[in-house]
Amino acid sequence: MSILTPEETQEEMNIISDCNQGSMAGFFCNETGGQISYSKGKLGLGNAARIYLEQLDYCSMPTIECDLNYLLDTMKFPSDAERQFFRYLTDTLAEHRTFKDDEFESDLLMNQLIFGERAAYYATIKPKYSLFFSALGQFWMNKVANHLTSLNEIESDLKYNLNFIQIANRCAQNNYYISRNYTYLDKIVQYAIQKKFGYLWFRFWNNTGMGVKTLVLLIIVSGIWAYGLLINQIVHKLKRK
Amino acid sequence: MKNTCLLIVLFMGLSIFSNGQDDFVYDPDYASFGKKEHLGEEFYVVKLNRKNMRVRAKYFANEMDGKSVGQRFADWSKNKKLICYSSGAYMNDFNASQAGLVGLSVDYGTVVNRNIKAGELHALVVVYPNGGIDVCNLALGTINLKSGGAEKSYNMNDAYDINEFVAWAEQEKLTVFQTHLLAHSDQLKVGSNGSSNARERRFLVIGSKNEKPYHYLIHKPKAASLYNSTRAVKEYMNSKGISVDAIINLDTGAQDVFRFYNYDGTVSGKLSGQLQVENARNLIVYYYQ
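Chains as they are written, first to last, in my numbering: chain A, 1 to 241; chain B, 1 to 289.
Please note that the accuracy of each hint is not assured.
SDA-like, lysine to any residue: derived pairs with alpha carbons at most 25 Å apart [as the list claims (entries may be wrong)]:
#, chain 1, residue 1, chain 2, residue 2
1, A, 128, B, 164
2, A, 195, B, 272
3, B, 47, B, 224
4, B, 78, B, 93
Stretch-level coverage of chain A by chain B, calculated; a stretch enters the list once three of its residues show a Cβ under 8 Å from a Cβ in chain B [said to hold, decoys possible]:
#, stretch
5, 80-92
6, 101-115
Hints in this document: simulated from the structure, not taken from any laboratory. Don't be surprised by glycine CBs; every beta carbon is placed ideally from N, CA and C.
Same shape as in the complex, but just chain B (with noise of 0.2 Å):
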């Protein structure tokens, strides 16, 4: 009588277990959203665990094929499980519906914009067809880049080399987005003396902590200037023992669109964008495989 009790109980357990474990679109342990505090400052932290590349990227730079950007993600992620979205590169008008983009621009091997602003925004953001990012500083002149097992370099001060790799872009089908470089190599790259403008702002976060590689999304809310919400949300990293790759700089003014899916496939009502995701111009999406 005791060992059928506890054989019923024990399969009332697994059952209860199994079931919970088919409600989850995603591995909580590889991705969580939550407000956070330091020193004052309020930040929003999309905390995304790239260990075994489950947490992958895909990046939407433009419409294509007569579809926006918002059905272009809408058809996309009917079968994928969404961890969160955000508005990335910035818009060159204030009409999401006729806006063009800013700085070089390729969506999975296809040119969009190719204005390369190399004295300006010099965080070139590589999204790989497979869902790696790499973020490479343009102001050290010579980028450094890994696909398909080939290392390529090339010089983007050099019309040649700049034409060989958007070529080169095309034919692996890279999607390829510039924008504001805030931190590299744990340093922070905007100036104190910069614009002044004070408003809230969101950041992708590339890091890493005893070795594994960490992506974080961080809006924070309270109006800043560039330079102190940057130092502010890296002396938050660094207070977390993060080590920061790069910080940069994703788009919060036309097009603010951001959404957070719990593990359990439920929209988070802590944060959203000002907008919905048919508005976006463009939109970085991160999703679990």
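Isolated chain A, as found in the complex (with noise of 0.2 Å):
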């Protein structure tokens, strides 16, 4: 899934095994070396940035946390190495790994749920990097409670759909309650089934015009004035049986 071209990622090795670190420090490695930067490449991003987030092995939280020891350890300055290592982790990642604003892509969204999910399990192991695993599982899992919540907006539908149910619900586990969009007549009948005509009624009777009212009137009159006149017909049919 790699957007650089050939040479372009064999520049980024280069770069990488000059720093004789592996790819953590080549990441962040740079000139004056021990200082977080990285160059924006071709298409706004961090080149060095995005081979670390191809090559990352996002079911491995205790890789995170090797190399988030590294930076601690090796950085100058630490605290500012954690929050940068925290938005490529996040901000980057995400303009990685666009949500698309109009299509559902369960699996995209299943996979970085768990990604969440299992940064945030494993704050309660690591005390040590708590803040930073619970921030990650924090982001990852309201991002994708948030896009369910858009996309429901665009398509009323999808809460229907299995997937989404499972990956909503799933977010639900996780304390993260997603908003489902429901239309007006989804709305009457979520009412009916809960019984509460009495609700229906004062909402239909506060919130609708005189011309609404006259004709759902019309509509009620008519329908009674039709089975009188069936039950008329069949009244008169056995009369003359």
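Please assemble the complex out of the two chains, which come individually in their own frames, going by the hints.
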């Protein structure tokens, strides 16, 4: 899934090998050494950052912890390094794995949700980096939950999609509740199922104009008149017999 | 003889007065409820005087320990001098028994919903254990709060700071919820080009008059859009000389719960919600202490 050309990739790999410390140091090394920086690539992202993110094993929180340890031990300003590393795993990664605004990509959303879950769980077993990993989990689970909400606002029926329900329920298990979008018809059906007829009447009477009220009254009267006619016909036929 | 009669009258007067005082659940100077009119608009206004923190707020965000919000409220309110209660933040479903909450929610230090909706629900309401309330504007990015004498500042666009804020809320036993911020610092925050959905509205208004703090629960029964309702309420407040610090929206949809208690403890018949408190998914309560 690399978006670099082969030449760019080789150039970045040369930088990494020159530092002779593995991808983590190459990711953060620059000419002055020990300072946090990365050069913006053609697409506006740090190429080294992208290589790192592409190489990263997202299933392994210990790997991220190991890289974080290295940063804090070697960098001149450890707290800055931690924050910058956090931004790469959140904002930069979010640019790299963009959620499409109008398409429900269940696999991508589930993968990012699981990544967030793992980070949040890892925070509970590693007190030293509890804030880092809980914030990482919070960022991704919040992002997935908010994206599900915005997708549902675009397509109201999405809330009935089984994959959507599964991801939404998994978010809820982690205390990230999404908002579901209901159309007027959805609301009427829901209230009818809950037998809140009084509330339905109250909302109808207070929130509709005279035109709608008159139309509904005509429909009801027509229905009653039609049934009356039908019953009259049946009775008439029975009497003839 | 004359002096004796005077003494008897004085004694009876004192007795009546002291008996009257004993019948008061709360001092009527601190809370009142009535129907008001302004420029053709009708409002039901609960006025709460926050002087000396005699009137305090409590928020129930969620069921807890197997008890629903209604049950928790019933247990908590047994020895409390209640003034009023209302439904609070939005639900994410129409069935209150299974609905989750919308926006960041913390109930007395227990995190209920971690999903922060910074882009939509700009009002972050913090209810302190002592009954104080702060309304923060998330649109500004950074929020400033005070608890236990310490001032705290958080950038709510930064996941680190959000996490720290939630951890601090857990530690300090704060109650937090999100809702729409309709006005802040005497400026309307809801646009006229917003939703035109017309319905009855209920707001919590935090304001001051002559530097004295007041809270208002205002119910506007006539259906109108959020913008028109907010503008009408703000104009009403300003006409009374009240400087509006914040107006936030309270849920009147699937969990329309409201009740006001008169100063003698009786329930006011002027206005009540469509549903009973047992159906509440969350509840904001004002009480006297």
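Original post:
Does the alpha-carbon distance linking residue 128/A and residue 164/B stay inside the 25 Å limit?
Top reply: Between residue 128/A and residue 164/B the Cα gap is close to 15 Å, so the pair holds against 25 Å.
Original post:
If you draw a straight line from the CA of residue 47/B to the CA of residue 224/B, is it 25 Å or shorter?
Top reply: 22 Å, holds
Original post:
According to a criterion of three or more residues whose C-beta lies within less than 8 Å of a C-beta of chain B, is the stretch 80-92 of chain A covered?
Top reply: With 3 residues in contact (Cβ-Cβ under 8 Å with chain B), the coverage given for the stretch 80-92 of chain A holds.
Subject >> Pair hint residue 195/A and residue 272/B, alpha-carbon separation not exceeding 25 Å >> reply: With a Cα-Cα distance of about 20 Å, the restraint between residue 195/A and residue 272/B holds, given a limit of 25 Å.
Subject >> Given pair status - residue 93/B, residue 78/B, alpha carbons within 25 Å >> reply: 30 Å, violated
**OP:** Confirm or reject the coverage of the stretch 101-115 of chain A by chain B under the rule of 3 or more residues with a beta carbon closer than 8 Å to the chain's beta carbons.
**Re:** With 0 residues in contact (Cβ-Cβ under 8 Å with chain B), the coverage given for the stretch 101-115 of chain A is violated.
Going down the numbered hints, you'll see the structure goes against 4 and 6, while the others check out.
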